[in-house]
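Engineer: Residues per chain, in single letters:
Protein chains: 2
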Amino acid sequence: MNKQKKPYHHGDLRQAILDEALRHVRKEGIDSLSLRACSKAVQVSPGAAFRHFKDKRSLATAMAAKGFALMAETIEDRQAQAGPSEMAKFRAVGEGYVLFALREPNLFRLMFSKGQIDPNAPELREQSKKIPMFTASGKGNLSTGDMLSWGLVHGLSELAIADHFDGTLPEDIDGKLDALIKVMAAMGPSFRALSLENSPDAASG
Amino acid sequence: MNKQKKPYHHGDLRQAILDEALRHVRKEGIDSLSLRACSKAVQVSPGAAFRHFKDKRSLATAMAAKGFALMAETIEDRQAQAGPSEMAKFRAVGEGYVLFALREPNLFRLMFSKGQIDPNAPELREQSKKIPMFTASGKGNLSTGDMLSWGLVHGLSELAIADHFDGTLPEDIDGKLDALIKVMAAMGPSFRALSLENSPDAASG
DNA sequence: AGATTTATGTGATCATTGATTACTTAATGC
DNA sequence: GCATTAAGTAATCAATGATCACATAAATCT
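Line by line, the protein sequences are chains H and X.
The numbers in our numbering rise by one with no breaks, and the one at position 38 of the first sequence is 38.
The numbers in our numbering rise by one with no breaks, and the one at position 113 of the second sequence is 113.
In case anyone wonders, no lab produced these hints; they're calculated from the structure.
We put the CB at the ideal spot given by N, CA and C, even for glycine.
The reader is advised that the hints may include incorrect statements.
Per label pair, the in silico range of CB-to-CB distance [stated by the list, open to error]: (1) X:Arg14 - H:Glu123: 41 to 47 Å; (2) X:Pro46 - H:Glu73: 46 to 52 Å; (3) H:Ser32 - X:Lys27: 23 to 29 Å; (4) X:Ser34 - H:Lys114: 15 to 21 Å; (5) H:Ser45 - X:Arg57: 28 to 34 Å; (6) X:Ser85 - H:Arg14: 56 to 62 Å; (7) X:Met87 - H:Lys54: 49 to 55 Å; (8) H:Pro46 - X:Met87: 58 to 64 Å; (9) X:Asn120 - H:Lys56: 28 to 34 Å; (10) X:Lys56 - H:Gly140: 38 to 44 Å; (11) H:Gly83 - X:Gln15: 57 to 63 Å; (12) X:Arg51 - H:Arg14: 40 to 46 Å.
The calculated EDC-like cross-link candidates involving lysine to aspartate or glutamate, where the alpha carbons are at most 20 Å apart (straight line), are [said to hold, decoys possible]: (13) X:Lys56 - H:Asp31; (14) H:Lys56 - X:Glu28; (15) H:Lys56 - X:Asp31; (16) X:Lys27 - H:Asp118; (17) H:Lys139 - X:Asp166.
Could you build all of it, start to finish, from the sequences and the hints given here?
Structural biologist: Following this line, the structure appears as structure tokens:
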């Protein structure tokens with residue numbers, strides 16, 4: 001029969017735990033996440049996870065890093081579909097940002113939570129700097145226009161996620177967003193460069 | 001001498017626990033909040049808090065409600081200091097909103113958290129509707145302009161709190177915010193009414 | 001190959017926490 | 001005064017994050 005004896009070593013337990021934790025967080029949110037339940041789901045003893053993650057915070061940080069990687073993908077996809085104009089590419093950043101938040105609300109909240117993750121973890125910084133806003137912020141390069149546009153897309157994301165918009169966000173917002181973006185684009189020097197100079201070279205691969 | 005025997009009944013334990021919990025949350029955040037520690041701080045047995053709060057979530061909801069009340073005060077103060085023009089009053093709403101978030105980051109996050117509070121609790125709704133944005137939202141009255149302006153102030157608040165702005169938010173943002181608000185004000189019908197029709201009658205008392 | 005060292009998982013155990021229950025004590029109403 | 005109800009206590013439970021000594025397998029060295 002196919003009752004193959006379970007080997008003592010798992011193979012890649014770190015990844016398995018991370019995947020299981022991500023699966024849970026994406027569906028249920030991080031509040032109900034338990035390291036023990038994760039270990040159990042991967043058929044491993046309760047304390048095994050601690051061999052690979054110093055503590056819960058460390059696991060949460062790894063998940064947030066993955067979240068930024070996924071968000072970067074969403075943005076890149078959106079940029080790939082966008083027109084060639086600078087403005088179109090810039091808009092694609094904001095659209096990808098909000099789109100990701102709507103698709104992965106639990107991950108999104110975790111990525112911007114305080115206390116639950118370690119904002120200085122190298123793996124986290126490495127992934128988050130794939131997001132144009134973080135690139136500029138990391139360089140101490142945030143113009144007022146950057147802050148306004150980032151604030152706008154971030155706030156729309158959070159409020160939509162928190163159900164304060166009755167789910168009507170993605171529909172009718174398009175035209176007026178255009179006008180708004182034009183104003184913003186006229187505001188700060190590094191504003192329009194946001195999606196260009198620092199955009200991940202998704203097109204060059 | 002002044003060792004007066006502690007009476008069996010506390011007087012107003014519910015309020016005492018709530019105050020202690022608020023004190024902790026404002027300083028440390030909700031993640032490290034323990035009902036037992038609260039009870040201990042108020043010199044009462046571990047389970048006493050459950051007489052007044054069904055569970056932790058219920059206590060968190062009460063704290064969030066208090067948060068909205070405080071936010072409403074901040075906004076009213078700001079409006080009282082503002083000029084008489086509609087635009088000035090409207091701006092005061094946004095400024096008060098962000099100001100409160102910067103002063104009480106932990107409360108602010110709790111108020112907009114999901115899962116940790118019960119968004120339908122009557123006491124919460126009663127307080128949150130003192131905030132103009134929630135009044136409009138509750139009426140199903142949110143124009144696109146409302147959403148954009150709310151999104152902007154909310155996002156700026158969250159990002160500033162999460163330390164993505166290097167603490168440079170309140171300084172140079174003033175002039176450009178003006179221009180932005182003008183555009184927004186031209187956008188949606190209920191947009192300008194936001195701070196007027198529904199503004200708490202702080203001036204009339 | 002055989003021995004040694006290192007990485008990885010186990011099982012037991014701890015302290016803390018949210019929550020419940022049976023019981024005690026005081027306040028309130030008749 | 002007496003019954004009823006509100007409010008606090010002590011004991012207890014199950015779940016959790018975390019740590020430790022130990023077991024097991026893999027990698028490395030000779």
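Engineer: Each hint should be assessed against the structure and marked as holding or not.
Structural biologist: Hint check results:
The supplied range of 41 to 47 Å is met by Arg14 (chain X) and Glu123 (chain H), whose beta-carbon atoms lie about 45 Å from each other. Between Pro46 (chain X) and Glu73 (chain H) the Cβ separation comes to about 47 Å, which falls inside the hinted range of 46 to 52 Å. Here the CB-CB span from Ser32 (chain H) to Lys27 (chain X) is close to 26 Å, well matched to the stated 23 to 29 Å. Distance hint check: the CB atoms of Ser34 (chain X) and Lys114 (chain H) are about 19 Å apart, consistent with the given range 15 to 21 Å.
At about 31 Å, the beta-carbon gap between Ser45 (chain H) and Arg57 (chain X) stays in the expected band of 28 to 34 Å. Checked against the given bound of 56 to 62 Å, the beta carbons of Ser85 (chain X) and Arg14 (chain H), roughly 59 Å apart, stay inside it. The hinted range of 49 to 55 Å is satisfied by Met87 (chain X) and Lys54 (chain H), whose Cβ atoms lie roughly 52 Å apart. Between Pro46 (chain H) and Met87 (chain X) the beta carbons are some 60 Å apart, a value that agrees with the proposed interval 58 to 64 Å.
Separated by about 30 Å at the C-beta atoms, Asn120 (chain X) and Lys56 (chain H) satisfy the suggested range of 28 to 34 Å. Separated by about 40 Å at the C-beta atoms, Lys56 (chain X) and Gly140 (chain H) satisfy the suggested range of 38 to 44 Å. The hint said 57 to 63 Å for the Cβ distance between Gly83 (chain H) and Gln15 (chain X), and at roughly 59 Å that hint holds. Distance hint check for Arg51 (chain X) and Arg14 (chain H): the Cβ-Cβ separation is about 45 Å, which falls inside the suggested range of 40 to 46 Å.
Between Lys56 (chain X) and Asp31 (chain H) the alpha-carbon distance is near 13 Å, which keeps this suggested pair within the 20 Å criterion. About 18 Å separates the Cα atoms of Lys56 (chain H) and Glu28 (chain X), which keeps this hinted pair within 20 Å; it holds. Annotation: proposed proximity of Lys56 (chain H) to Asp31 (chain X) holds, straight-line Cα distance about 13 Å (limit 20 Å). For a cut-off of 20 Å, the pair hint linking Lys27 (chain X) to Asp118 (chain H) stands: about 19 Å separates their Cα positions.
Proposed proximity of Lys139 (chain H) and Asp166 (chain X) is supported: the alpha carbons are some 11 Å apart, at most 20 Å.
Going through the hint list in order, the structure satisfies each hint without exception.
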